[in-house]
Structures are given as C-alpha cells and as structure tokens.
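Undergrad: Given the coordinates of chain A, work out where chain B should sit on it, guided by the hints.
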Amino acid sequence: MSRKEAKNLQRREFIKLSTGAIAVTGMALSGWGVTELIVDEGPVESWHKSVCRYCGTGCGVKLGLTKGKVVRVKGDTAAHNKGVICIKGSTLADLTQLEGRLTVPKIRTEGRLVETTWEAAMDLIASKFKENIELYGPDSVAFYGSGQLYIEESYTANKLFKAGIGTNNVDGNPRLCMASAAVGYTQTFGKDEPPGAYADIDHADCFFLMGANMYECHPPLWERMMIRKKSHPQTKIIVVDPRKTKTAEHSDIFLPVYPGTDLLLLNAMAYVIVKEGWYNKTFVKEHINFHNGQREVDFATYIRFLEDYAPEKVARKLGIPPRQIEEVAHWFATSQATMSMWTMGVNQRTQGVFLNNTLNSLHLITGQICRPGATPLSLTGQSNACGGVRDTGSLSHILPHGRMVANAHHRQEMEQLWGVPAGSISPKPGYDAVNLFKAMGEEKVKAALVMCTNPAQSMPNLAEAKKAMEKCFLVVADVFEDTETTKLADVVLPAALYLEKEGVYGQSERRYQLIEKLMDPPGQARSDFDILVDFAKRLGYGNLIQYSTPAECWEEYRNLSAASKYNFKGITRERLQKERGIQWPCPDENHPGTVRRYIQGDPFVQEGREIQFYGKPDHRAVVFLRPYIPTQQQLSEEFPYYLTTGRVVEQWHTGTMTDKIPALSEGSGRGVFVLHPSDAKKLQVAEEDLLEVSSQYGSMKGKVKISENETPGVIFAAFFDNKFLINLIVADNYDPVSKEPEYKVTAVSAKKYTEFSTEI
Amino acid sequence: MFTETVQLVQVLGVVLVVADLILLLAIALKGGKVNTVVKRLAFPALIVLPILIAFLGNYHVFETSKKVKACMQCHVMKPFANDMLNDTSTTLAARHYQHNWIPKDQCYGCHKDYGLNGTLKAKLDGYRHLMRYITRTYVEPIQYRGEFQNANCLSCHQQTKAFESVEMHRPLSSQFADNSISCMNCHGRAHPSRQFRTPGHPHYKDLMSGPASSQHSEGNTEELKKFVESLPNN
Numbered sequence: 001m002s003r004k005e006a007k008n009l010q011r012r013e014f015i016k017l018s019t020g021a022i023a024v025t026g027m028a029l030s031g032w033g034v035t036e037l038i039v040d041e042g043p044v045e046s047w048h049k050s051v052c053r054y055c056g057t058g059c060g061v062k063l064g065l066t067k068g069k070v071v072r073v074k075g076d077t078a079a080h081n082k083g084v085i086c087i088k089g090s091t092l093a094d095l096t097q098l099e100g101r102l103t104v105p106k107i108r109t110e111g112r113l114v115e116t117t118w119e120a121a122m123d124l125i126a127s128k129f130k131e132n133i134e135l136y137g138p139d140s141v142a143f144y145g146s147g148q149l150y151i152e153e154s155y156t157a158n159k160l161f162k163a164g165i166g167t168n169n170v171d172g173n174p175r176l177c178m179a180s181a182a183v184g185y186t187q188t189f190g191k192d193e194p195p196g197a198y199a200d201i202d203h204a205d206c207f208f209l210m211g212a213n214m215y216e217c218h219p220p221l222w223e224r225m226m227i228r229k230k231s232h233p234q235t236k237i238i239v240v241d242p243r244k245t246k247t248a249e250h251s252d253i254f255l256p257v258y259p260g261t262d263l264l265l266l267n268a269m270a271y272v273i274v275k276e277g278w279y280n281k282t283f284v285k286e287h288i289n290f291h292n293g294q295r296e297v298d299f300a301t302y303i304r305f306l307e308d309y310a311p312e313k314v315a316r317k318l319g320i321p322p323r324q325i326e327e328v329a330h331w332f333a334t335s336q337a338t339m340s341m342w343t344m345g346v347n348q349r350t351q352g353v354f355l356n357n358t359l360n361s362l363h364l365i366t367g368q369i370c371r372p373g374a375t376p377l378s379l380t381g382q383s384n385a386c387g388g389v390r391d392t393g394s395l396s397h398i399l400p401h402g403r404m405v406a407n408a409h410h411r412q413e414m415e416q417l418w419g420v421p422a423g424s425i426s427p428k429p430g431y432d433a434v435n436l437f438k439a440m441g442e443e444k445v446k447a448a449l450v451m452c453t454n455p456a457q458s459m460p461n462l463a464e465a466k467k468a469m470e471k472c473f474l475v476v477a478d479v480f481e482d483t484e485t486t487k488l489a490d491v492v493l494p495a496a497l498y499l500e501k502e503g504v505y506g507q508s509e510r511r512y513q514l515i516e517k518l519m520d521p522p523g524q525a526r527s528d529f530d531i532l533v534d535f536a537k538r539l540g541y542g543n544l545i546q547y548s549t550p551a552e553c554w555e556e557y558r559n560l561s562a563a564s565k566y567n568f569k570g571i572t573r574e575r576l577q578k579e580r581g582i583q584w585p586c587p588d589e590n591h592p593g594t595v596r597r598y599i600q601g602d603p604f605v606q607e608g609r610e611i612q613f614y615g616k617p618d619h620r621a622v623v624f625l626r627p628y629i630p631t632q633q634q635l636s637e638e639f640p641y642y643l644t645t646g647r648v649v650e651q652w653h654t655g656t657m658t659d660k661i662p663a664l665s666e667g668s669g670r671g672v673f674v675l676h677p678s679d680a681k682k683l684q685v686a687e688e689d690l691l692e693v694s695s696q697y698g699s700m701k702g703k704v705k706i707s708e709n710e711t712p713g714v715i716f717a718a719f720f721d722n723k724f725l726i727n728l729i730v731a732d733n734y735d736p737v738s739k740e741p742e743y744k745v746t747a748v749s750a751k752k753y754t755e756f757s758t759e760i
Numbered sequence: 761m762f763t764e765t766v767q768l769v770q771v772l773g774v775v776l777v778v779a780d781l782i783l784l785l786a787i788a789l790k791g792g793k794v795n796t797v798v799k800r801l802a803f804p805a806l807i808v809l810p811i812l813i814a815f816l817g818n819y820h821v822f823e824t825s826k827k828v829k830a831c832m833q834c835h836v837m838k839p840f841a842n843d844m845l846n847d848t849s850t851t852l853a854a855r856h857y858q859h860n861w862i863p864k865d866q867c868y869g870c871h872k873d874y875g876l877n878g879t880l881k882a883k884l885d886g887y888r889h890l891m892r893y894i895t896r897t898y899v900e901p902i903q904y905r906g907e908f909q910n911a912n913c914l915s916c917h918q919q920t921k922a923f924e925s926v927e928m929h930r931p932l933s934s935q936f937a938d939n940s941i942s943c944m945n946c947h948g949r950a951h952p953s954r955q956f957r958t959p960g961h962p963h964y965k966d967l968m969s970g971p972a973s974s975q976h977s978e979g980n981t982e983e984l985k986k987f988v989e990s991l992p993n994n
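Taken in order, these protein sequences are the chains called A and B. Using the working numbering, the first residue of the first sequence is number 1, and each one after it goes up by one. Using the working numbering, the first residue of the second sequence is number 761, and each one after it goes up by one.
Bound conformation, chain A alone:
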C-alpha cells in the first residue's frame, strides 16, 4: 500500500468514525430531547404558598394556579405541617370556585332581600348605628366577629368599637370554642396562648388527649402523632372521651368517662401522682404557687384537697376502674415527655376553665413542661381564633395582647397606644356571645354587625338566639346568601373569600402566617377589611382608622405589640411573605421566633434563668385547687340520655363552605343522631328510623345511625347540617368565668318518632 493510499484510508476511516460518533451522539441527544418533551408537567402554571382556610392547625399549603384558577392543592413541605394536610384542605380548589356567591349588597324590603348599591347599604348601616348610639348610648350596638377573619380585620373592628364608638360589645364565635383555654392559660401562667408547639409532638413519649377527636378534627397533627408512634413504638397514647371516636380507636389506653365528669379524673390523677411521689419536687419548689381561688395555699393544703379524689372514691362516677386511673397517672408522670392536647370536649363545658387549669397543673406538678415533648397544648378549632381574636383582644372582656377591659391601667395603656383621649375605652366589659344575643332579644342591643360567622346555626338554645336576632337591626357580611344568619339579616354585604383578600392568620402554636391575595372577588364583593374601614369613615372615625390597606394595618399592629409580652415587632410583612410563618414572641427582625415559651430562647426569659414564668409577678406558675362541681345538666327520669355534639372529618363548623363541596358532602352524609346498639334496642329504633330528641330547650327529630363506637346512654350529633339544626336543643348554660357554653353536655329524652306521634 502506497503512502498516499494509506493516508486516504486513514482519512476515510476518520470520516467514518466521526460520522459514527456524530450519529451516536445525535441519537443520544435527540433521544434526550424527546424524553424532555414528553414529561407530563401537570396542569399548573404557577405555585403559590398559602395557608389552609379551615381549622386551627393552620397548615401551610401550596396552591397551583392556571389562568387565575386554583387547579391543584398540596401540603407545603417547607411549612410546619411538613406537607401534610387533610381531606378538607385537599378540596380548597373547589372552595375557591363555588357557585352561588353573594355578589351584590342587599337590603331587606318588605321581608325580601333586595339588591342595592354599596353606597346605599353602607349609608343605611352607618345611619342606623349612629341613630342608636345617639338615642341609647354606645352599648346599644355590637360587633359579632369570627375566628376566621384575618388579624387586620378583627383588629380594626375591635379598635373601632372599643376606642371609637366606646363600647366593649365586641365578641365572636371564638367565645364558643376557645374562651376556656384562654382564661385557663391566663390564670395559670399569667399569659394566654400555649407554652409549647406542634414540634413537641416529635419528642413526646406519652400523649394525653382529652375531649379531642384529632383523627377527624386535626388530621395533620394526628398523622404527625402516628409518625411519632410508628418510629417510637413505646410511645403511649391515652384518650379520654365519652365516645369511642376514631382517635380513641387508635389509642393504647381509652378512658370512656361519663360526660361532664372528667375533672374527677384529673384530680384523681393528681392524687395518685402526689401519693406515689411521682411529682417533681424541685419543680414544685422552684416554679409553682398553689392557690385555692381566693388565696395562696401551701402544698399540704393541696394534698388535703386531693384526698376527696382518691381513685376508689371517684371511679364509679367516672365509669372507669380505679386501676386505670392509677395506670394513666403513672404514664403521665413518669414518661420521658408527656404532651397533653385537648379541644372542645374540655373547653365547651361549665367547668371549662377549671379543666384547663387542672390540665396545666398536672404538667406543672410533674415537671412535664418546658422541655421538648413535655407541654400542655390546647388545639384551636378555627383558623384564626388565636391570632385574630385572642391576641387582638377582640372579645368583650379583653384588649389587645393580654390586657383586660376591667383593668384601668390596661385601658390607659391602650388609649395611649391608640392615641385616643383618656376614658375613651369603657370600663364595663361588653356582652359575651350568649348574653349578647339575649341582649338583642331584650332590645338592649339594637344594631349589630355580624362578620364571617353563622350564629343562627352555631349558637346554643338556638330558637331563642334566632328570635333575638330578628328583633335587632342585623347586618351580616358573608360570602353566601343562603346561610341561616343571612336569612335573618336586614342588610347583607357580599364579602370576599379567602384568596380574594390579603391578611394574616395566627394558628394554635402562636405562629403568624400570611395569606396573599391571588384572585379578585366576584361581582361587587369586598374584603371585610375594606368594609370595616369604610364603615369607620362613615361613622366619623376616619382619624382613628387611618390606614387603608391590610399591610398598613399590620405595620401599626406589630409596632403596638412591642409594648407587651406578645412582642412580635420582628414579624414584618416582608418576612411573612418569605418565611413559612413565625412564632411569637419575636421582638426584632433578626429574631427567629419562639418555639417554646418560658425557657431559654424566649426573649423574655432572663439570662441565667432556665425557666421563668414571667407572666406572673413572682415568676411562678399557679396550680389551682379546682373542685369538681356537677353540671346543671343532670340525668333524670325525664331526660335519661346525654346529647353531645361535634364535628366530622369532612365538614367544618356550620358547613356553609364544606357542605357545598360534593366530595365532602357525600363523604359526611347528612346530620343524624348516632346511638349505641343497646340504646337503639331500648328505644326500638333501627338505622334510618326517625328519632325525636328533646331537652328543656326544645325538641327535634332526625334519622338514626347506630354505631358501636358510641357510649351507651350518650347520643352524638354533628352540627354542620342546616337541615338538622341540633343546636335547637343544646343547653346554653356556660362557664361562669370564660362564658363559654356547654355544648358537650345536654340532658335529653329520646323516643321513636312515627307519623302517628301526636306531640309534634
């Protein structure tokens, strides 16, 4: 082969090899291109961080939007809930697209709601309020708000009514769910809101759940607890509930106590803990005072008080064996870390405050507090009852950040902070929820603004409350026209819903989170914030409410917090836009927020102090001696059953939103009376039969469902169904301090209803 030939051959081979290499690379790259093109990206154009609309868990969510509509919802893995939400949260997309929205203001004319303009509606409202204030004084008007309004909205209403109009008639639905917990914390620690956080679930070895059906009402927290249990199988779950709820089904120890008796259990546990020496002597010595409600007492007096609650003395009344009380006391006191969680079963009781005090006390005497996993933590029912109402002081007896209406110094502080003349805030606490509606019935309150809530379905002794509302000039701002309350309204105002407005939510663990506006409200609907700012101007309080946007309002509010132990001045709007919520106290912009209070990391705990209950003057928390007082709702021959009410997983509160979502409505079914098979046999009723249930407040009938999970002698009914208004027969007696009604215990009679029954 000549050199030339050899060269040609090399070149040819080189070209061949190069072509081959290019072909292979081309195939690889084009194959890659094809795989990139065929990836199914899903239907979402942009994702936005937000917070779930519904319960007090306050889950972080990611909302997927396409063409301005929410098309996907998922849990935010970067938020405190670590990506877990529940069935209700999963259907938030449906919520944002519900039909039948109220889009135009309406005024009742000749019994019918007739469309009008905002101008006419707001003028009418302002003139009616002014007229009543002039004729009958400021206490003749009222605001009834909600634990679902944004913080800026509740804060504005509270400021307008208390510092402007001069009445403390500002209350709302959190009175019905959280008032006992708020008073309980304040009495025990000197400050409202829980010392611990959800993160404690990841560290607890014993969960004491009382009057809380977390499986159905706080599913993401339940899931977190289950994860703890699965990764640490020795973890104990103790459930105290008259009903064998889904939560109780998954417990290690279930105590099915008789309704209304559980304070006996808590005191009996304290008795066992003290008797067996399981209390934490150092903690008791260094951090606790004992108090009998009138004066401070010593530890010996506490021991004597507990003697009446020896397990063998109370077991019969509780309906559980003494040995079980001892076992539960053992686990509570001796586990590495015990965490208590509770909600309405404890709060909605005539001894709600005493129960809250005593739960806190069990943690204090055992030292099961101020450590990761060891803490009491009341769970909130509504998304913003804590941040929006408790923290802003939007109840009739309180002022912002733990101040009390009845305290002259607190009033003076708020008058200075709000820049209003001394004496502007009335020294007289306003009406609490139950008494507010009674006052409407007695025509003492003549005009009321109701926002974002549905009292004509949620109030106890409902028939009376509805009659009362009919007597009052009732203004209702809501997103739907078909709620039970709008049916009684003289003026209805179309409100923006959830993502159609901007504001801050504060959930159960002192975490403030921002909900940003992602879409416009339908028709002429306006945010409650805009309605309140407009209302203030029309009443002549434009100087008091100078801000016009939620962001400006937040600026005022966070700066104002610096004068309190709630101090969250460091929670700026910018941080809220960026971070997944921040827990207060958070005094400056570099502070990371406070997971656990009263220990190092809390900015108000002095350096060198391991634990400091700074809410109390001597920095010691209080263990109260709280005696068991039987409820007024006692069983009798006339009323031999207990009725207890609650929620089901698919529905939220009065169902105005969730009951319109097909998947949720189908899942829950309709409102029914749920009975144990033994009661069904006694009453000779079968599934789907009609049962007539009566209390001293009224009578109603509904279908029967039979479940082995109910306790014999107890009838359960959910309250979401507006065709099954169970609150018509629920008692309206309430805790004497918190004024929270006793929804959980009503003595009733029951009998099978047939069309031949003559009484109805």
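Just so you know, the hints here were simulated from the structure itself, not pulled from any lab data. Fair warning: there could be bad hints in the mix.
Stated by the list, open to error - Calculated cross-link-like contacts (lysine-lysine; reagent style DSS-like; alpha-carbon spacing at most 27 Å):
hint: 1; chain 1: A; residue 1: K244; chain 2: A; residue 2: K565
hint: 2; chain 1: B; residue 1: K921; chain 2: A; residue 2: K244
hint: 3; chain 1: B; residue 1: K921; chain 2: A; residue 2: K229
hint: 4; chain 1: B; residue 1: K838; chain 2: A; residue 2: K230
hint: 5; chain 1: A; residue 1: K16; chain 2: B; residue 2: K793
hint: 6; chain 1: B; residue 1: K827; chain 2: A; residue 2: K7
hint: 7; chain 1: B; residue 1: K864; chain 2: A; residue 2: K230
hint: 8; chain 1: A; residue 1: K130; chain 2: A; residue 2: K428
hint: 9; chain 1: A; residue 1: K467; chain 2: A; residue 2: K438
hint: 10; chain 1: A; residue 1: K285; chain 2: A; residue 2: K565
hint: 11; chain 1: A; residue 1: K660; chain 2: A; residue 2: K246
hint: 12; chain 1: A; residue 1: K7; chain 2: B; residue 2: K793
hint: 13; chain 1: B; residue 1: K921; chain 2: A; residue 2: K236
hint: 14; chain 1: A; residue 1: K246; chain 2: A; residue 2: K229
hint: 15; chain 1: B; residue 1: K827; chain 2: B; residue 2: K790
hint: 16; chain 1: B; residue 1: K793; chain 2: A; residue 2: K578
hint: 17; chain 1: A; residue 1: K62; chain 2: B; residue 2: K799
hint: 18; chain 1: B; residue 1: K827; chain 2: A; residue 2: K16
hint: 19; chain 1: B; residue 1: K790; chain 2: A; residue 2: K230
hint: 20; chain 1: A; residue 1: K705; chain 2: B; residue 2: K965
hint: 21; chain 1: B; residue 1: K838; chain 2: B; residue 2: K883
hint: 22; chain 1: A; residue 1: K467; chain 2: A; residue 2: K701
hint: 23; chain 1: B; residue 1: K790; chain 2: A; residue 2: K246
hint: 24; chain 1: B; residue 1: K793; chain 2: A; residue 2: K229
As the list claims (entries may be wrong) - What follows is a list of derived Cβ distance ranges for each label pair:
hint: 25; chain 1: A; residue 1: F14; chain 2: B; residue 2: Y898; range: 32 to 38 Å
hint: 26; chain 1: B; residue 1: P863; chain 2: A; residue 2: G31; range: 30 to 36 Å
hint: 27; chain 1: A; residue 1: G33; chain 2: B; residue 2: P863; range: 32 to 38 Å
hint: 28; chain 1: A; residue 1: E45; chain 2: B; residue 2: T897; range: 20 to 26 Å
hint: 29; chain 1: A; residue 1: L17; chain 2: B; residue 2: G878; range: 36 to 42 Å
hint: 30; chain 1: B; residue 1: A937; chain 2: A; residue 2: P736; range: 50 to 56 Å
hint: 31; chain 1: B; residue 1: E924; chain 2: A; residue 2: E687; range: 35 to 41 Å
hint: 32; chain 1: A; residue 1: E327; chain 2: B; residue 2: W861; range: 31 to 37 Å
hint: 33; chain 1: A; residue 1: G33; chain 2: B; residue 2: G878; range: 55 to 61 Å
hint: 34; chain 1: B; residue 1: V777; chain 2: A; residue 2: K16; range: 21 to 27 Å
Cβ coordinates follow ideal geometry from the N, Cα and C atoms, glycine included.
TA: Structure of chain B alone, referenced to chain A:
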C-alpha cells in the same frame, strides 16, 4: 449460586462476549481468506452472538437500573436514598423501607407509574435523568417535574383492609384516579424537603454523607433563619 436472574445474565453475558471475541479472533487469524471455516464461524460471531449479547446487555441494564444502588450513583439522588436508608427518618420512603413494605428495588417500586406504559415511562425518565446528570444540566435541589401518580400508591394500598377502612377515601376515588388530589396530601412528604436538600442547609451535609445521620432534629433556629433568608422568594 445465583440469587437473582440478573446475576446469571451478567455471567452469561461475559461468557458470550468472551466466546464471540474468540470467534472473531479466529476469523481474523485466517488473514482475510474466506473459506468454509470462516463462513461457519462468521454466522455465530457476527449475527447470533452479538444479538444475544445485545439482548442480555439490555436486560442487564434494565434490571440493574431498578436498583437503589443505581439511583445512588448520581450524587443528587443521595439525599433521597440516604434518607430512605436512615432508620430514624420518618419520611414515607424511609417508613416503607424500615417496614420492608417494598422488599426490593425500592426507588423503582414507587416511581414506575404502573399501568401499560409505566415501565417504559420510568426508563425514559431514567434516561433523561442520566443525560441531565452527565451534562450537568440540573440545579440542586432537584425537583419532581409534573405530578407524582397516585397509581404508584394505589397499586399496593387500594383494596387493602387499612385503605378500605378509611371512610373518607370513598368519595375521593375519582380525584385519586385523575391525580387532582394526591395521596401525599394526607400522608406526608415522601422525601426530605427541598430546603433540607439545598446545598448550604445545615442538614444538607448530613443527607449527603450517609444513612446513619439523623436529619430530623429541629436544628438551630438561628442557622435555619439565616438559611431561609438566603432563599429566593418562593
């Protein structure tokens, strides 16, 4: 001797390659003369054995790419795998692994999408990952593109007693089928969150270093805050 078919295939493949090389060498040694021996050797050497080798090779690649080890070869996948292998982790992946709910090929088990095109889709996606990795066209923390298919969960869980006993599953069957509601909404995150997988996060180093680390402590809030501040608006 061989616990898995893939091992047998691997050995068989090597034997066939060696055999083919011997045959090709034998042909080459004939110096380009085409005689009967060459003709007899050419058919298996150039046709039969290469086809068999290609088939076995493909099978081997398909099978070994299902292995957790294969996924772990790319460093961006390490946080996922290390978390899964961590016996204190509480992510869905780790819990499935800890309880041996998926006995082998755990990554593939939850990512093959099932259905008619499931395997093919998973392979194509795997190829895409490989190309992204070798061309360095990815950004950490990596993110799942599109939607995780509920079929991956339902293929095992649906019709089990535990699944059927949850009443709230029933009204959502159509939403599960069209993926408009993800199983993970209620059952939590499958892997460490994006924050933890972001270079610079206090837990990133732990996640990259191995399964023994515990990435579930609350960490230092100051460090976390600094990290959150460093994130772009989200």
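Undergrad: For each hint, tell me whether it holds in the structure or not.
TA: Going down the list of hints, with the structure as the test:
1. For a cut-off of 27 Å, the pair hint linking K244/A to K565/A is broken: about 40 Å separates their Cα positions.
2. Between K921/B and K244/A the alpha-carbon distance is near 20 Å, which keeps this suggested pair within the 27 Å criterion.
3. With a CA separation close to 20 Å, the supplied pair K921/B and K229/A stays within the 27 Å bound.
4. Pair hint K838/B plus K230/A holds up; C-alpha atoms about 24 Å apart against a cutoff of 27 Å.
5. Of the supplied pair hints, the one linking K16/A and K793/B holds, its CA atoms being roughly 24 Å apart against a limit of 27 Å.
6. Distance restraint check for K827/B and K7/A: the Cα-Cα separation of roughly 48 Å exceeds the 27 Å cut-off, and the hinted pair is therefore not satisfied.
7. Proposed proximity of K864/B and K230/A is supported: the alpha carbons are some 22 Å apart, at most 27 Å.
8. Distance check on the hinted pair: K130/A and K428/A sit about 21 Å apart at the alpha-carbon level, within 27 Å; holds.
9. Under the criterion of a C-alpha separation no larger than 27 Å, the hint pairing K467/A with K438/A is consistent with the structure, at around 9 Å.
10. In summary, the hint linking K285/A to K565/A is supported, as the alpha carbons are separated by about 25 Å, within the 27 Å threshold.
11. Of the pairs offered as hints, the one joining K660/A and K246/A holds, with about 25 Å between alpha carbons and a cut-off of 27 Å not exceeded.
12. With a CA separation close to 25 Å, the supplied pair K7/A and K793/B stays within the 27 Å bound.
13. Taking the CA atoms of K921/B and K236/A, the gap is about 24 Å. The hint holds against a cut of 27 Å.
14. The straight-line distance between the Cα atoms of K246/A and K229/A is roughly 16 Å, inside the 27 Å bound, and the hint therefore holds.
15. Proximity of K827/B to K790/B is assessed by CA-CA distance (about 44 Å); at most 27 Å being required, the pair is judged violated.
16. Between K793/B and K578/A the alpha-carbon distance is near 77 Å, which puts this suggested pair outside the 27 Å criterion.
17. The suggested pairing of K62/A with K799/B is violated, with an alpha-carbon distance near 68 Å, which exceeds 27 Å.
18. For the suggested pair K827/B and K16/A, the alpha carbons sit about 37 Å apart, so the restraint of at most 27 Å is broken.
19. Note on K790/B and K230/A: the hinted pairing is violated, with a Cα-Cα distance of about 70 Å set against a maximum of 27 Å.
20. For a cut-off of 27 Å, the pair hint linking K705/A to K965/B is broken: about 55 Å separates their Cα positions.
21. With a CA separation close to 19 Å, the supplied pair K838/B and K883/B stays within the 27 Å bound.
22. The suggested pairing of K467/A with K701/A holds, with an alpha-carbon distance near 20 Å, which does not exceed 27 Å.
23. At most 27 Å may separate the alpha-carbon atoms for a hinted pair to count; K790/B and K246/A exceed this at roughly 82 Å.
24. Taking the CA atoms of K793/B and K229/A, the gap is about 77 Å. The hint is violated against a cut of 27 Å.
25. Separated by about 34 Å at the C-beta atoms, F14/A and Y898/B satisfy the suggested range of 32 to 38 Å.
26. Checked against the hint of 30 to 36 Å, the pair P863/B and G31/A passes, with Cβ atoms roughly 32 Å apart.
27. Range check, G33/A to P863/B: Cβ separation about 36 Å, and the 32 to 38 Å hint holds.
28. The hint said 20 to 26 Å for the Cβ distance between E45/A and T897/B, and at roughly 23 Å that hint holds.
29. About 38 Å separates the C-beta atoms of L17/A and G878/B, a value consistent with the hinted range of 36 to 42 Å.
30. In this structure, A937/B and P736/A meet the distance hint of 50 to 56 Å, their C-beta atoms being roughly 54 Å apart.
31. Hint check: E924/B to E687/A, Cβ distance near 20 Å, so the stated range 35 to 41 Å is violated.
32. A C-beta distance of roughly 33 Å is found between E327/A and W861/B, which places it inside the suggested range of 31 to 37 Å.
33. The hinted window of 55 to 61 Å between G33/A and G878/B is violated, with their beta carbons roughly 22 Å apart.
34. A hinted range of 21 to 27 Å holds for the C-beta pair V777/B and K16/A, which are about 24 Å apart.
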